[in-house]
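Undergrad: Chain residues, written in single-letter form:
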Amino acid sequence: MLTRTRCKWLAAFTVAAIFSMAAGVVTGQAVEFSDTTLENGLRVVIAEDHVAPVLSIAVNYDVGSRNERRGRTGFAHLFEHMMFEGSENVGDGEHMLLIFNNGGDLNGTTDKDRTVYYERMPSNQLDLGLFLEADRMASLDITLENLNNQRQAVQEERRLRVDNQPYGHTFETIDELAYENFAYAHSTIGSMTDLNAATVTDVASFFRTYYAPNNAVLAIVGDVDTESALKKVQQYFGQIPRQPDPPAVDLTEPRQTGERRTSYDDPLARLARIDIAYHIPESLTADHDAMSVLSTVLTSGRSSRLYQAIVRDTQLGVDLSSSAGNNRGPSLLWLGVIAAPGADLVALEAAIYEQIERIKTAPIEAWELDKARNGARRSFVSSLGSSLQRAIILSRYALFYDDPNLINSRAESIASVSAEDLRRVARTYLTETNRSVVLTLPALAGGQSGEDPGQGGF
Amino acid sequence: MRLCLYYVVGFTCALSAGVYAQAGVQQAQSITGAELKGLAPVSDEILKVELPKAEEADLDNGLHLMVLEDRRVPIVSVQVILIGAGGYYDPPDHAGLAGFTASLLREGTATRSSVEIAEALETLASRVNVSTDMSLQAATMRLSSLVEYLDQTIALAADVLLRPSFPEEELALFKTREQAGLIEQRTRPRFLAVERLAKVIYGDHPAGRTSPTPETLDRTTRDDLIAFHREHYVPDHAVIAIAGDISMADAFPAVERHFGAWASSGTRPPTVDDPEPIGPSRLYLINREASVQTNLVVGTQAINRTSDDYDILSVMNQIVGGGPSSRLFLNLREDKGYTYGAYSSFTAQRYRGDWDASTEVRTEVTGDALAELLRELVRIHDEPVPEQEFQDAKRSIVASFALSLESPNALLNNFVVRHLYDLPDDYWDRYPERIMSVTREQVQEVAAKYLDAGRLHIVAVGDGEQISGMLTSFGAVDVYDDQGTLIETVGGDQ
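Chains A and B supply the protein sequences, listed in that same order.
Going by the working numbering, the first residue of the first sequence is number 212, and it counts up by one from there.
Going by the working numbering, the first residue of the second sequence is number 241, and it counts up by one from there.
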């Protein structure tokens with residue numbers, strides 16, 4: 212495990228950064244990094260990589276849609292858009308122009324648990340990237356005009372991804388049905404009504420509460436010198452005042468005691484689909500790791516059990532996928548299948564459960580575990596090829612788990628999952644009383660009803 | 241759920257190096273959609289970057305091998321580019337056959353079943369797939385693997401590519417899945433827009449088709465697949481491009497072992513034709529019921545990959561809609577709030593390709609957004625680009641080259657383009673200076689040449705009842721249903 216400098220800034224130069232040298236047994240490679248915390252609480256993780264003249268900066272804030280209150284769904288993400296609208300020394304939209312015009316790229320992304328901002332740039336632009344990130348952390352410029360403009364952009368984003376797409380509402384429906392706790396039950400994109408209700412006062416208060424140096428991790432990965440980069444970080448971020456810690460969010464999810472079920476008539480879809488979600492523990496627990504492997508066995512690729520059973524053998528479905536959601540708090544194993552035209556949805560759902568029951572009782576083949584192990588290793592080594600991916604992963608592990616070195620051990624944790632672990636988690640979590648089922652049924656536009664809800668097709 | 245601020249699409253260029261000092265100091269001059277304070281510390285230097293070179297070699301059967309060694313990550317990516325096996329060469333009466341053939345290669349070989357192939361590859365976390373598109377000359381096999389499983393993966397890939405058995409029962413299963421896919425794609429507004437635009441830009445040219453029909457899929461037989469594979473999967477004009485944790489010294493014998501016995505066919509390189517010149521401007525509405533947005537696409541014919549206008553069009557496109565710092569995004573999103581994104585891009589191959597601009601806007605602003613989009617296309621040839629904006633656009637293209645050095649696959653693709661289009665050996669070395677030497681006058685000339693308002697075709701996918709009135713103020717509108725059937729023509733002189 213990594214020992215981390217929790218020293219005050221001035222001491223940091225003499226103490227120097229501590230490097231993690233852990234060499235993974237599975238991977239044979241390791242990401243080395245320094246880990247320092249400034250006096251104002253900003254945690255700074257730096258990993259040097261001089262292969263290409265490129266650097267990436269990620270600033271990961273400990274705020275997501277789980278921090279929203281009722282009546283303000285979608286606000287964390289709307290706020291993310293406001294971070295590109297200017298600050299004391301940076302004009303509205305100037306951040307974006309400066310990065311792209313100097314050969315870089317950037318983005319911001321919000322989920323239930325966090326909001327991350329990043330830039331990838333030619334390595335001579337470190338000052339530019341740090342200046343821009345620090346200026347908006349220190350002094351966001353909040354105007355009603357900008358808020359109204361970005362409210363419109365976000366509402367179009369919602370239409371583009373949700374309201375104007377087949378199955379767009381399905382994912383929102385799953386979370387709403389499966390979670391009782393508001394923190395995870397509502398969507399990150401939010402409702403149109405709540406987006407309309409957001410005010411500049413909300414923006415100012417959210418900024419003060421959550422966009423503080425002590426509520427963020429800054430990661431820099433790439434063609435930089437650690438010591439001089441740390442000096443620059445201190446120069447740009449050192450004066451930003453610490454704020455009181457934000458209020459903690461209660462993520463406790465009551466134990467589900469009976470199956471939940473709903474159906475949604477989708478005027479934009481032409482094929483029915485079934486989505487099933489089971490409550491599972493939070494990421495980085497042994498049971499969650501086992502669930503990740505189980506998800507691979509069930510739906511990853513054409514060799515997977517559900518593909519073989521449902522797409523090939525019974526031909527009740529045409530496409531499917533699943534994932535063990537990686538929330539910081541209570542997560543879901545989600546599984547979705549698009550029905551074949553005219554397929555019997557009752558038979559399709561039964562065929563899915565039959566495969567889940569087989570996990571609980573019949574043997575898991577050695578190759579199925581190898582597939583998950585090799586997949587985890589490949590995913591780890593792939594992340595080494597991108598400075599940006601490493602910056603995002605390091606900042607995430609530091610922010611969520613106080614341990615950026617997890618980047619070096621995750622593939623080993625997945626590799627240690629056994630066949631018995633799969634049976635155990637399947638028996639524990641993949642039960643009728645722990646599941647929520649959403650049927651999405653194609654409905655003709657113009658108010659006409661679709662067909663018999665027991666059937667797919669048209 | 242991850243929500244992005246926007247996605248970066250459009251044209252990205254990798255190029256080689258040189259130092260170009262930015263002219264003058266930053267100007268704190270605001271433009272539509274952005275306010276510039278000019279206080280941030282910017283390095284004026286554009287990094288001089290050394291391009292790693294791909295090594296090249298030829299096999300006796302005509303295969304051309306290109307290897308870009310990059311030891312950073314223990315993964316190897318291989319592309320087998322089969323010129324002549326793409327959808328462009330579908331038999332005239334059998335649209336989609338090239339795509340069906342490519343898709344079914346993995347479904348069985350002389351010695352392995354579909355399930356055995358999937359299990360073997362997925363156990364190794366290796367990927368092998370073959371795909372094409374109806375506008376492409378080539379079918380491409382893409383393979384990638386952890387380096388320790390590379391030999392096993394190439395052996396499987398070669399078996400799939402050279403000895404497919406196209407089992408009857410797999411063809412039947414494929415048809416079932418694919419028929420559902422043909423239904424599903426018609427629910428996506430982007431597909432409906434692209435389908436119509438391709439038809440109106442390319443007419444009867446092969447690139448005018450975007451999808452097979454249920455009928456051509458249904459009547460495809462095993463013999464059709466075998467015949468297409470026998471005739472079109474030949475090594476003579478194929479390229480194998482490899483990037484990653486391997487040297488030419490190791491790659492050459494591996495490729496020779498698995499692909500060396502692949503017999504040359506002695507055929508001439510397959511040819512292509514340019515599409516007929518595009519007809520006069522027109523509007524098309526695809527009525528997609530229950531839509532809450534309108535997908536707008538404006539397109540026209542542009543250039544071949546070897547055109548002298550390629551670099552100039554690249555700069556022009558960067559200014560108009562190449563990214564979030566371009567005019568369409570700044571105007572339609574940041575200034576007007578009509579959309580989440582607005583971009584433009586172009587394709588350039590052996591035949592004359594297309595340039596198009598697209599955005600998705602809420603139904604009620606469809607007419608206003610289209611007017612604003614078209615205004616930007618007039619402005620780019622009516623007004624000189626302001627000097628700072630012009631320099632910024634060129635700088636963004638040249639400086640972004642450094643980023644491509646993180647991606648061996650992106651770098652290798654540049655060399656593949658150079659090879660496929662017979663470009664000069666120093667093409668990428670000289671790319672930055674060519675971009676930097678483009679003038680504002682050239683951009684205006686090229687804009688006038690290709691973005692001629694009389695040759696722009698406009699496709700709108702959305703709620704017909706609400707938007708047809710907004711569209712008819714621009715001219716006559718051909719109205720289609722979501723199955724691609726012409727329903728009526730409304731407005732204008734028709």
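Hints listed in this document are in silico derivations from the structure and should not be mistaken for laboratory results.
All values reported here derive from a predicted model rather than from experimental measurement.
Backbone N, C-alpha and C define an ideal beta-carbon position, used for all residues, glycine too.
Honestly, I wouldn't trust all of these hints.
Pairwise CB distance ranges (calculated) [said to hold, decoys possible]:
1. Gln519/A with Arg619/B: 54 to 64 Å
2. Gln519/A with Gln723/B: 54 to 64 Å
3. Gln446/A with Thr679/B: 36 to 46 Å
4. Glu408/B with Asp614/A: 24 to 34 Å
5. Gln723/B with Tyr612/A: 30 to 40 Å
Undergrad: Going through the numbered hints above, which ones does this structure break? Give me the numbers in ascending order.
TA: 2, 4, 5
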